[in-house]
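As they're listed, the protein sequences go chains A and B. Under my numbering, think of the first position of the first sequence as 1, with each following residue one higher. Under my numbering, think of the first position of the second sequence as 1, with each following residue one higher.
Just to be clear, a hint being listed does not mean it is correct.
What the hints assert, rightly or not - With beta-carbon atoms standing in for the labels, derived distance ranges:
{"id": "1", "chain 1": "B", "residue 1": "A63", "chain 2": "A", "residue 2": "L216", "range": "47 to 55 Å"}
{"id": "2", "chain 1": "B", "residue 1": "S342", "chain 2": "A", "residue 2": "N236", "range": "48 to 56 Å"}
{"id": "3", "chain 1": "A", "residue 1": "L216", "chain 2": "B", "residue 2": "R227", "range": "54 to 62 Å"}
{"id": "4", "chain 1": "A", "residue 1": "T50", "chain 2": "B", "residue 2": "D103", "range": "21 to 29 Å"}
As the list claims (entries may be wrong) - With the C-beta cut set under 10 Å, the calculated list includes, among others, these residues of chain A facing chain B:
{"id": "5", "residue": "A57"}
{"id": "6", "residue": "F72"}
{"id": "7", "residue": "P137"}
The hints are simulated quantities; they were obtained by calculation from the structure and are not laboratory data. Beta carbons: idealized from backbone N, C-alpha and C, even for Gly.
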Amino acid sequence: MSRSRAPRRPIRWHIAVFLAPALIVYTAIMIIPLFGTLNLSLFTRGEGNTREFVGLANFATLFGDPRWSGAFWNATWNNLWFFIIHMLVQNPIGVALAAILSSPRLRFAAFYRTAIFIPAILSFVIVGFVWRLILSPLWGVAPNMMDAIGLGNWFAPWLGQESSALTTLALISVWQFVGIPMMLIYAALLSIPDEVLEAAEMDGITGASQFWKIKLPLILPTIGIISILTFVGNFNAFDLIYVAQGALAGPNYSTDILGSFLFRTFFGFQLQLGDPHMGATVATVMFFIILAGVSLYLFGIQTRLRRYQF
Amino acid sequence: MTIRKTLSLTTAFALCATGVFAQDVTLTIESWRNDDITIWRTQIIPAFEAAHPGIKLDFQPTAPAQYNSALNSKLDAGTAGDIVTCRAFDASLQLFERGQLSDLTDLPGMANYSDVAKSAWSTDDGSQTFCVPLASVIHGFIYNADIFNELGLEVPTTEEEFFAVLDAIQAEGSYIPMAMGINDQWEAATMGFANIGVNFWRGEEGRAALIAGESRLTDEEWVAPFRQLARWSPYLGRGFESQSYPDSQNLFTLGRAAIYPSGSWEIAGFREQADFEMGAFPPPVPAGTEGCYISDHTDMGIGLNAASPNQEAGRIFLDWLTGAEASTLFANAIPGFFPLSSAEVTLEDPLAEEFLSWRGQCESTIRPFHQIVSRGTPNLSNESWTASANVMRGTWTPEEAGEALQAGLSSWYAPHQ
Numbered sequence: 001m002s003r004s005r006a007p008r009r010p011i012r013w014h015i016a017v018f019l020a021p022a023l024i025v026y027t028a029i030m031i032i033p034l035f036g037t038l039n040l041s042l043f044t045r046g047e048g049n050t051r052e053f054v055g056l057a058n059f060a061t062l063f064g065d066p067r068w069s070g071a072f073w074n075a076t077w078n079n080l081w082f083f084i085i086h087m088l089v090q091n092p093i094g095v096a097l098a099a100i101l102s103s104p105r106l107r108f109a110a111f112y113r114t115a116i117f118i119p120a121i122l123s124f125v126i127v128g129f130v131w132r133l134i135l136s137p138l139w140g141v142a143p144n145m146m147d148a149i150g151l152g153n154w155f156a157p158w159l160g161q162e163s164s165a166l167t168t169l170a171l172i173s174v175w176q177f178v179g180i181p182m183m184l185i186y187a188a189l190l191s192i193p194d195e196v197l198e199a200a201e202m203d204g205i206t207g208a209s210q211f212w213k214i215k216l217p218l219i220l221p222t223i224g225i226i227s228i229l230t231f232v233g234n235f236n237a238f239d240l241i242y243v244a245q246g247a248l249a250g251p252n253y254s255t256d257i258l259g260s261f262l263f264r265t266f267f268g269f270q271l272q273l274g275d276p277h278m279g280a281t282v283a284t285v286m287f288f289i290i291l292a293g294v295s296l297y298l299f300g301i302q303t304r305l306r307r308y309q310f
Numbered sequence: 001m002t003i004r005k006t007l008s009l010t011t012a013f014a015l016c017a018t019g020v021f022a023q024d025v026t027l028t029i030e031s032w033r034n035d036d037i038t039i040w041r042t043q044i045i046p047a048f049e050a051a052h053p054g055i056k057l058d059f060q061p062t063a064p065a066q067y068n069s070a071l072n073s074k075l076d077a078g079t080a081g082d083i084v085t086c087r088a089f090d091a092s093l094q095l096f097e098r099g100q101l102s103d104l105t106d107l108p109g110m111a112n113y114s115d116v117a118k119s120a121w122s123t124d125d126g127s128q129t130f131c132v133p134l135a136s137v138i139h140g141f142i143y144n145a146d147i148f149n150e151l152g153l154e155v156p157t158t159e160e161e162f163f164a165v166l167d168a169i170q171a172e173g174s175y176i177p178m179a180m181g182i183n184d185q186w187e188a189a190t191m192g193f194a195n196i197g198v199n200f201w202r203g204e205e206g207r208a209a210l211i212a213g214e215s216r217l218t219d220e221e222w223v224a225p226f227r228q229l230a231r232w233s234p235y236l237g238r239g240f241e242s243q244s245y246p247d248s249q250n251l252f253t254l255g256r257a258a259i260y261p262s263g264s265w266e267i268a269g270f271r272e273q274a275d276f277e278m279g280a281f282p283p284p285v286p287a288g289t290e291g292c293y294i295s296d297h298t299d300m301g302i303g304l305n306a307a308s309p310n311q312e313a314g315r316i317f318l319d320w321l322t323g324a325e326a327s328t329l330f331a332n333a334i335p336g337f338f339p340l341s342s343a344e345v346t347l348e349d350p351l352a353e354e355f356l357s358w359r360g361q362c363e364s365t366i367r368p369f370h371q372i373v374s375r376g377t378p379n380l381s382n383e384s385w386t387a388s389a390n391v392m393r394g395t396w397t398p399e400e401a402g403e404a405l406q407a408g409l410s411s412w413y414a415p416h417q
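Isolated chain B, as found in the complex:
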């Protein structure tokens, strides 16, 4: 009797409980950012829930390598969470075109984002946006300030000064001027070509012209960055051909190299590894150019599952993410991944602050081959890895690299045929 009584009591209580909590909406968040789980659970979720009683959040990350396929199958099966972290460009665009992501164009907070920031999660004509831009990474050069002080070097701002600094470090001989390898190839394309090239093709202007078919990859503005990359090779130290990405990171954090061409995503890791002062400078400007540009690459967005029953609550959450409070929380929790919102953000990490300050001085753009032009086979972005590495290895001339990329693009992309 007692057992039965307890059971029925429990059931009654459980029913009551469900009744009570039925007003509460729980939003499940799909993400590939395993690393951020503590930040979500201890900072972001409590901050949001405190401001919005009645909406609960549940952060459910998947392993990064499996995220895309896992998310696609969950969306197809109707078991995906309410909130979906969006990969940049085509992966998410495909979901939107299949009607699996809600249209967020009229979300009030969208006004806080520039067109560049929204480009990764907008339709090709830019008329509809389906994810809130969450974070970007900024390219630049990180330098070892101790070495710069020791050798009495000034931070370079022009291309000429940049090579003068490299020559000075080379001549002194104690340090490798620049830590970069081409074994993994992506450094050459991402931290090399996309990093410095923005000043040559003038950011968004050149990127748009390429997409429209008005400029070709054999034009001077696309070949010149290759030419500069080829000049880097003598400064990279012995055996850079088989130096891998972690090798370069270690060279720099061990204090054996003075400059590290890279991006803001390294900040958190370098803070742990390096015990010297670090500074950063944006890509040096080539002679005779006006203004400056930075690669401020959109990396992570967040959207709403179109099949979710909690559209209203979902929009409230996404709108909150566009605001200053959420942006500041994010930016400080993961230094180096910068909020894309134009809301006022204060950063505690001086190196991250330095990177972010360039947004005020220079024009932002994204990596040149990520939108639209990498949709076919051969894939322009992947080809650019090989081309940049070949140029730095000296097996291709800059002109050959431009021609090879152009030939690949022309083979499938109508505006270039």
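So here's chain A without its partners, still in its complex pose:
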């Protein structure tokens, strides 16, 4: 009897009970459909409405058939370009706006903040429609305004040209969402304690160099989060393309991104009947692309970011 048993800890049921609602809801509406999609991509429609298991044949078609793979890679590259524009334009502008807004000498800061953020809460339908009108060669204000400042010859029907349509749409999307990185970085900038900035000033670091040397390193983790949100958002994008260019993502599929490609494949379009199995295959590949991107960020970048505790 030398070893006395430690009193057994009671099972902590309340943890399971409190986790259950979220777990059940998340499983029911996210995890099960996700696996349902993965499962669907392994089948095809057989004779007379039956389902036939085909293994990875759908993936072989998607990557092996020249038409499918052509359309798929076209959508993927377009999507990548869409993302690059956001990273090169939206996020730097967002950071710059936030830096300007956080300057204590700026007047009407609250007004600018609100005005710049408002497009982010508008519906895609409104944004797509408004920009199509603005850029319309017939009724748009863009050609007239450019005429007024002598740049009339530079106007082109940007949304209707293969070379410029995707970039134009990406910039429209940037216009809509630039408020989100701005707000997040603005909040991060405000959370930098005054002591740090005062200490910097004591050391003679002021103005622009204060931003580059003190503030930017402190907001890098936020910029990382914004990048990954942008990545996920862009590779799931669909609405703006659908509203502005329709499901065929014209001209000549030059604005086709993975979301619109998935839509056409899964639901069909006009005379083309939908193919849920190929659609699920595309969705699965999209899922893995996003998963790969997020993993790369989480394991490759986020773990190396230095965080500062105040």
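Once you've looked at the hints, dock chain B against the given chain A.
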């Protein structure tokens, strides 16, 4: 006591009522034509019920975008209405093959329809028909008669005259010669390619040859329409590349454009919007061709749910729809959607009458890629949208467009392999 008495009286009355009305059959009609609900309730249903006591009709439309999926699930669940409005071609053919639509081949009124009219709701070999063809739309060009008078222009009948008219309007400079954009792409294919192409591939003859694999999309009759489309571009006004379908409609109804390549379905809308005289002409005939053709595209049919208990009443109703009375009612209620029946029809709208009169002068055909050849992936009809728009934008040559379409078709369609 009183309450109980009233209740039992009511019940008795209700039972009686059911008994009385049991002889009456109510046919429920499934449709996607929300817009037509007033026309059905105020004109078509009363006309039918007056002539057929004992059969009642109930029109129950669904939103157009959800119609196909809603109808399919209702048919699978056995809750669909007795009468079903049929989409053209494969969507309905699929229902028939699954045994969800009744065979109507022996309906007496079917004699009133041509094979072209029935093609959208017949099996591929044409031996069985499962929906009554209800309405078609005719392609052509609508023009602003005021502008034509002002500039002293004649309505063109040949391709040469057509381009001469366009040149004249362009040279005068006050108006855009033709209102059409390619942003939505379908105008280029539907109002462009399918509209003018019929004269090149000689209507049904060329369409049948393509289905049989006897002609290829790289042949002259399929490339020539692209060549003509490419010639249209300079007349479409600045920035037509990003001009959308509603933009073009507005350009025309505001009187800023002289000609609008289109179809009869625009008539009702244009009547409301435009305050000038309008006329219409069929696709101009290219030099050296005999006869003329029009795209008289079947759009809406109506069939009988195979699971409906009221087959007899349903057939009576469908047979009535094939007659002159119903056709005239429809045609005048929705100008621009023409009855396909050969029964005599009188139209009140002169523009609609003009469109309809072409049936007497030219051979009818349907859009070339709707039957059979758009069954696979890539979808020929959808591909033709992109191809037509590319040709008009100048990024593809007509020959490249033909080759691209042919390559797509050959990749899955056996007669072309």
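Outcome of the hint check:
A hinted range of 47 to 55 Å holds for the C-beta pair B/A63 and A/L216, which are about 52 Å apart. B/S342 and A/N236 have their C-beta atoms about 53 Å apart, which keeps the hinted 48 to 56 Å range intact. At roughly 59 Å, the beta-carbon separation of A/L216 and B/R227 lies within the given 54 to 62 Å, and the hint holds. For A/T50 and B/D103, the hinted distance range of 21 to 29 Å is satisfied, since their beta carbons lie about 25 Å from each other.
For A/A57, the suggested interface contact is broken, since its CB lies about 15 Å from the closest CB of chain B, more than 10 Å. Residue-level restraint check for A/F72 is violated (minimum Cβ-Cβ distance to chain B is 13 Å; threshold 10 Å). The restraint placing A/P137 at the interface with chain B holds, with a minimum CB-CB distance near 2 Å, inside the 10 Å limit.
When each numbered hint is compared with the structure, violations occur for hints 5, 6.
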